[in-house]
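Respectively, the protein sequence lines represent chains V and D.
Every number in the numbering used here is 77 more than the matching position in the first sequence, counting from 1.
Every number in the numbering used here is 1135 more than the matching position in the second sequence, counting from 1.
If you're looking for bench data, these hints aren't it; they were derived computationally from the structure.
Positions of the beta carbon are idealized from the N, C-alpha and C atoms, including for glycine.
Any given hint might turn out to be false.
[Claimed, not checked] Restricting the straight-line Cα-Cα distance to at most 25 Å, the calculated cross-link-like pairs of lysine to aspartate or glutamate (DMTMM-like) are: (1) 496(V) x 470(V); (2) 259(V) x 1285(D); (3) 1384(D) x 1414(D); (4) 259(V) x 1393(D); (5) 1380(D) x 1393(D); (6) 525(V) x 262(V); (7) 263(V) x 1393(D); (8) 334(V) x 291(V); (9) 496(V) x 509(V).
[Unchecked claim] Examples of chain V residues lying across from chain D (beta carbon under 7 Å, computed): (10) 251; (11) 258; (12) 347; (13) 367; (14) 369; (15) 370; (16) 377; (17) 378; (18) 392; (19) 394; (20) 400; (21) 424.
Here is how the chains run, residue by residue.
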Amino acid sequence: MLASLLLTFALPAVAPQETPRDPVGRVVVYRFDTVETMDGETLSNVTMLVRNGVIERMGQAVVIPDHAEVHDYRGSGKVAMPPFALSHANFLVSDRRGDGRNTRYTAADSIWLNEDWSEDLLEEGVLIVGVDPPGGGLPGRTSVLMVDDQTGAPNALVSDLHLKVMVSTSSSAKSLVRDGFKAADKAIADEDKARAEWKKAREEWEAKQKEAAEAKQKASEGKDGVDGKEVKKGTEVKGGKGGTAAQDEGGDNQEDKGPPEEFEVPKMDSDVEPLVEWVRQERVGQVWLSSPSDWLHWQDLLRERELQYEIVLRHGSTQNLFEVASSIAATDLRVDVPARLSFLPYTRVRANLPAELVAQGVSKLILSPSSDSLTGLRDYRLSVSQVVAEGLDRKVALRGMTVEPALSMGQEEIIGALKIGAPATFVIWNGDPLDPMSEVDIVLSEGKVVYDREKAEAEDQS
Amino acid sequence: MKTQRKIWMSLFCALGLQSVTFAQEPPEVVETPPSPPEEIVEEVQEPVEEVAGEVVEEVIEEEQIDSELFIDPDSPYLYIHGADIHTVTNGVIQKGDILCKDGRVMKLGESLRKPHGARQIDASGMQIYPGLIAVDSSGIVSGRGLSIRDSYDPYALNIDLGLSGGLTTVQSGGAVAKLKHGTLDGILLGEANWVNMNYSTTSPSGRRKLREDFSKVRDFLREEKRWILDKALGEDVSEKAPEPKDVNKEYLSLLKGEAVAHFSANSLKDLLATCDLLEEYPMQSVIMGGREAWACAGRLGRVGAQLVITPRAKSWADDSLNRPSGWSIENARILWDHGVSFSILPGERFISTGGIAGRDLLTLPMEAAFAIRGGLPQDVALRSITLDAAKLLGVDHRLGSIEVGKDADFILCDGDLFHYRTFVQWAVVDGAVAYDKMNAPYFAHIRPRAAESLEEVFEEIQDTVVGEEIIEEVVAEEAASIDDPEEE
């Protein structure tokens, strides 16, 4: 039994090497007891046919081709589901920076990865990580990394994603954000002014060009007519009387092309540019809050302004964020919250903020580890299971670990629901993924095995 | 979360009636001294059984039920009914109603009509006072001046605790701010334009310098006045008004009456020195401390000083001095006798959850109660922590008393404000409930309110069942739960 099990494990790792088949048209079939599709369904007794890294067939009645490589995990209790996307893996960031407007930085500038970083993440079933720029206030823009054991090097999918904004209940933090908005508004106003000036200049110039062309045409018509020379002379005199403008016109005709055809956008301060993009709704912000009053102060900063943003809630073991849960839910924003059972302030009454948010109507919920560290990541599933045990819907929780953060990072192509036509990117767990004792067996990315626990453990031992 | 609380509340309901019995006992702490008849604080209360009976009776009237059911949580109206209203300026209205609209008191009196959909607090048996005002505080709100708004946390524990102690307004960092829950709107009332004066007896040279500066300011003001007069009379004077060069701008604003001088004086020597200065340079002033003020109350009254005293602050008489010295429990009473306006503050101007309880802003009425023990009339004690405090901060046009047109800032207490057993049950700020003892973490479990207000009972019924029959059933259950403790 054990031998046969080992054999099955060994197969995917060994088989491709022994028979170097052309991967094109390669068909691999996986058979599971349970597949968490993240499409709102948990399928049982599933046969999944993967061709060229894409799920071609999935269901109970799938015909297995003769040449297919079959991995039959039925009866082993293994579960397949999309990999986790970690929204804030800031333990990968090494720099330290104070509070202030540092929007010119991206998180990718500051990451520092040790040798085992990818294995550490893959063995917890994480395939994509978001990293934040260090520091407070307006620290910069977030980045997204692909965890890939094969290359070992950081594979930045997106280096410049959300604009991180830390809002807190203090006048200094508020004025930082307020001044940021002011600077952005000023930059926009300056640009609009420059554009208006350019437009005016260009129109004037074009009008003059037209006038000159007409005059020229008239002159040429005059030539054809009776008193060509006189007319021409007339225009010349007229031009002379017109003074500098007319002289310019003359100059334009010969050398100067006038104002540029396309408006040249004046160069902005690199610290202001991301804010301008945000204000123009060309960029998504990420607003970090840690107390309910922060939410009020954020509303106060926002006022009538319409921005695209997500909310990241970060709080300690006690919180009273439930006070604003309904107000947050009413905005229909994506909310990132630590999977943690906390206490209501000054009581030992346990509060389940993720469940409370969902109950109030938050539909896009991201669950992140309660502590931003590798240890926190190892406790991730334990804390999520506690939150689920105390009232959060299991499917919402699983979505909040996989599909929702991937959507937030714009990587829904990589981590999405498991369905026909989707890439075969999934994790095979040796049990219920929310059981803290379960482990990752295999991580597949587009049909390729990027992590295999047996292999990794064997390597570690050797 | 709400449902959790409701369950707790209903649990408390079964046990809670006894508590009201405590709260309803007329607390006879001090003898009320003779004062105008309408200002006598009457403590006539009905026995609890009758209150409970009332609830049941009202429930049975179906028409009333209907009107109770329609409560619009966003209604601009707040209707508080059935409480003794201590208006501060116009005596006590027994079993009166208050109708507030948009955060202001709209009507005040007996048997007011309740507008349709108005939010409602059934305050039968409660005592309503204006929200208390702390003329100085630290740690309740942070920041200075206008920046207070940007660092205001309306969910902070200290705000809740302040409200639980009856405070609705505090001065901090030179600004007057309201204590509110869950909103940043309208928290700043204005700036307390105080000029801190160092006029202590320990520095004679500093005092001389200060007097010289004041003399310069006075000379300038005379010059300016002469110029204005001359100009008005058409005399030959310069076009430009004299400019305040080499003149202390703060003192100028003081002598012009634009700011309030803020002294600190406890000993008789300091107090008399301050009086001398105030006689020479009349200005608005606040003297913090005033421990030996009883010994020069007449003098203080004549210079029009306002004091902020701490009745429980003690210091023994110094027998080596050939003059009265030391503290007196009668300090406040003597000051009042001499017409000196004063406010009361406890020894610590913050809210403390550690140390020895009862000497911080959590128990401001207790400090005033100590002055009552020394002979201060109860209504004066109330005025000292409401209207007189508001006057001191220059916000008495909005706060400090319950009057039509003023801000709807009240505290609803389950007994006399100056009784040690009394709790603030609700604090209303700007016409909205900012604090409800049953929902606050600190005191909810201590003598919880007997029955929930009708409003809450019906809210629950609305949530759970529909149909008159079932309503009756629930009402019967509710009545049974009210009866239960009596049988015990």
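Practice problem: Report holds or violated for the interface hint on residue 394(V), using the least CB-CB distance to chain D and a cut-off of 7 Å. | Solution: violated, 16 Å
Self-check item: Hinted pair residue 263(V) and residue 1393(D), Cα distance within 25 Å
Solution: Violated, at roughly 38 Å.
Exercise. Mind checking the alpha carbons of residue 1380(D) and residue 1393(D) for me, to see if they're no more than 25 Å apart?
Key: holds, 19 Å
Quiz item: Regarding the hint that residue 347(V) lies at the interface with chain D, is the smallest CB-CB distance below 7 Å?
Solution: violated, 27 Å
Quiz item: Holds or violated: is the Cβ of residue 424(V) closer than 7 Å to a Cβ in chain D?
Solution: holds, 5 Å
Self-check item: residue 259(V) paired with residue 1393(D) [C-alpha distance capped at 25 Å]
Solution: violated, 34 Å
Quiz prompt | Agreement of residue 259(V) and residue 1285(D) with the hint, judged by alpha carbon distance not exceeding 25 Å | solution = holds, 17 Å
Quiz prompt | Hint check: 7 Å Cβ-Cβ cutoff, residue 258(V) to chain D | solution = Hint on residue 258(V): violated, closest Cβ of chain D at ~14 Å, above 7 Å.
Quiz prompt | Hint check: 7 Å Cβ-Cβ cutoff, residue 392(V) to chain D | solution = violated, 12 Å
Quiz item: Any CB of chain D closer than 7 Å to the CB of residue 370(V)?
Solution: Nearest chain D Cβ about 4 Å off; hint holds.
Quiz prompt | Restraint status (C-alpha distance of residue 1384(D) to residue 1414(D) at most 25 Å) | solution = holds, 20 Å
Quiz item: When the nearest CB of chain D is found for residue 377(V), is that gap smaller than 7 Å?
Solution: holds, 6 Å
Checked against the numbered hints above, the structure breaks hints 4, 6, 7, 11, 12, 13, 17, 18, 19 and satisfies the rest.
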